[in-house]
Amino acid sequence: MSVLNPPRSAGTRKASGRKGAGGSFSAWANRHRKWLFAAPAMIFVGVLIIFPLAWTLYLSLTDSQGSVRAATDFIGFKNYLTVLTDLERFWPAVGRTLSFTGLALAFEVVLGMGIALLLWRPFRGEKWVRVAILLPLVATPVAVGMMWRLIFDPNIGFANQLLGAIGIPPQPWLSGQDTALGTTIFMDVWQWTPMVVLILLAGLTSLSDEPDEAARVDGANAFQRFFFITLPLMMPTVIVAILLRGIDALKTFDILYATKGKGGGSFHEVETLNVYAYGLSFDYNQYGLSSAVLILFFMIIIGIMWLLTMRKKAVTK
Amino acid sequence: MTVVTDSTTTAGMRTPRRRKPLATRAYKVFRVVALIVVVLFLLAPLFWMLLASLKTNVDIYDTAKAVVFSPTFENYANVLQRNNYFVFIFNSFWVAFVSTALSIVLGVPAAYAMSRFTMHRSALVVLMARVIPGVSLLVPWYYVFSNLRMVGSFEVLILSHMFVALPLIVYIMMSYFDSLPLELEESAEVDGLTPIGAFRRITLPLAVAGIATAGILSFIFSWNNFMFALVLSGSKTKTLPVAIFDFVSYASIDWGGLMAAATVVTIPIMIIALFTQKYIVSGLTAGATKG
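Protein sequences, first through last, are from chains A and B.
Residue 61 in our numbering sits at position 61 of the first sequence; the count goes up by one each step and never skips.
Residue 22 in our numbering sits at position 22 of the second sequence; the count goes up by one each step and never skips.
I should point out that these hints are in silico values taken from the structure, not numbers from a laboratory.
There could be a bad hint or two in this list.
Okay, the calculated beta carbon distance ranges per label pair [to be verified]:
1) E183/B - E210/A: 28 to 34 Å
2) L233/A - S179/B: 51 to 57 Å
3) R130/B - F25/A: 32 to 38 Å
4) W128/A - A26/B: 22 to 28 Å
5) I300/A - A66/B: 41 to 47 Å
6) G234/B - L233/A: 48 to 54 Å
7) R130/B - S24/A: 36 to 42 Å
8) Y80/A - V87/B: 42 to 48 Å
9) V87/B - F223/A: 55 to 61 Å
10) L182/B - F25/A: 24 to 30 Å
11) A66/B - G66/A: 47 to 53 Å
Here are the simulated lysine-lysine pairs, DSS-like style, with alpha carbons at most 30 Å apart [to be verified]:
12) K28/B - K127/A
13) K312/A - K278/B
14) K28/B - K278/B
15) K278/B - K127/A
16) K312/A - K78/A
17) K262/A - K236/B
Beta carbons are placed, not taken as given, at the ideal position from N, Cα and C, and that holds for glycine.
Full structure from sequences and hints, please.
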């Protein structure tokens, strides 16, 4: 102990000596490291996110349109009134956003849970299945959209060939007014179910084996063990998966714009809020109106997130 | 000694697993079949894209030649030579690389501060960026940058991609720093390092795996990003996703070329993903199981 002590105190002295010699800057930096470290990122966020968001809020109260350099007038809540009474584009877009997100999430969570359970216990060839799960996840959404456009092409697409082989008449898929949204939901499920699988699998592996074992000893069958043991224990993770995936699903843009183009197709079949707001901004230059749509959209997202977080807190308790 | 403890722990871990497959033979068969269906469902579309990229447009329209055909690399040659795809590939790479590097430089110290000093409110502000729809920032950005005559420059594109990368990196690194024990830094400070010195020499080297995770994911997201480049890129800075999108603005679609272009954009990212699988999985699931 006494042998160890001297060098340590010497070291401390040396450091404090260096602090003095290194000038007050080093000492100052160390004292204020909390803000020194956080400040650059915070400034970036402030300049590129908070300020633009405030600007969007301001634009939503003006009649800004046409050129971004054009003079604008303050018109109060008129844009919001226009948007909220718009039964032709806005409300259907809200409906499509919610049904796209809701249906895609439902499929992704149910399928994701099923696949995660299949992968839960180790097996031979596990590596290859994991690779297959990863590939859709990292594929570029625009490329994925183009890929499905070919597969779902009514005349030459593989999807109709497959249906033909089992005697089902060809479907219009993306080009059908009623089938387009469903087809894009299918694409979203293909690409993002793997994400849910990975999250749920991480949750499953972190579960303790004991409750499951105990239930098995008590004679519970596989279904009982899943619904009464595993699922309740997994609920917090399931809600995290819904939260993470849900936020992205609400904001889906790439595959919709890549497969149906401006306005979500000629009948606005897949025009969700994000596609609608993008179109208003950059295809029609209605900045004021689009800003109002965006602020409302943002409030919807925050509202849904808040509800889910509340639910998660209730479950975790 | 170590050998003995080792064998007992592995045995201890394996015993419950070996008992588990009480699962009947029927379940085993079902599981294999289900897994094959899942793999087919996930890979078949990608395989179809690859096949179509190797077909002439005549063969694509001929349903009899769905799988059996004479492959050609003509589409790739066309796409890469005539359409300047090497420029787009470089643009995509450059924007993804620089925006990721800058986000790491800004994001890692910030994540460290937020984790160590539990700056929950600041963290929330950064994480808000993951929730905000990108379009709501695009209009003001477009307004400012077009007044500065900067739309179409790499700088603007990189800044816009950092909007995705920075929150992601802060999010992943915060949960990583949370998991690193505080004691290491404390003992380093006792041994005479300044707090910043302890961060640089002790914590940062330990966080390399976390930084790799965050960096790889941020690179992938930036490579795949479409909306920002659609508005903010110019003819000289166009990235691959926008280039692919431009492919279909003509009346009839050159399917073979389109699929070759789509393959060109997805292959690099898939190769990266194959080699960094472990990192990607840990990054995507970061903080998911913390409760």
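How the hints compare with the structure:
1. E183/B - E210/A: 28 to 34 Å: 30 Å, holds
2. L233/A - S179/B: 51 to 57 Å: 22 Å, violated
3. R130/B - F25/A: 32 to 38 Å: 35 Å, holds
4. W128/A - A26/B: 22 to 28 Å: 23 Å, holds
5. I300/A - A66/B: 41 to 47 Å: At 43 Å between Cβs, range holds.
6. G234/B - L233/A: 48 to 54 Å: 52 Å, holds
7. R130/B - S24/A: 36 to 42 Å: Holds: the Cβ-Cβ distance is about 39 Å, inside 36 to 42 Å.
8. Y80/A - V87/B: 42 to 48 Å: 44 Å, holds
9. V87/B - F223/A: 55 to 61 Å: Once the Cβ atoms are compared, 57 Å apart, the range 55 to 61 Å for F223/A and V87/B holds.
10. L182/B - F25/A: 24 to 30 Å: With Cβ atoms ~26 Å apart, the hint holds.
11. A66/B - G66/A: 47 to 53 Å: About 50 Å separates the Cβ atoms of A66/B and G66/A, which means 47 to 53 Å holds.
12. K28/B - K127/A: 18 Å, holds
13. K312/A - K278/B: 28 Å, holds
14. K28/B - K278/B: 27 Å, holds
15. K278/B - K127/A: 11 Å, holds
16. K312/A - K78/A: Distance ~37 Å between K312/A and K78/A Cα, so the pair is violated.
17. K262/A - K236/B: Since the Cα atoms of K262/A and K236/B sit roughly 24 Å apart, the hinted pair holds (cutoff 30 Å).
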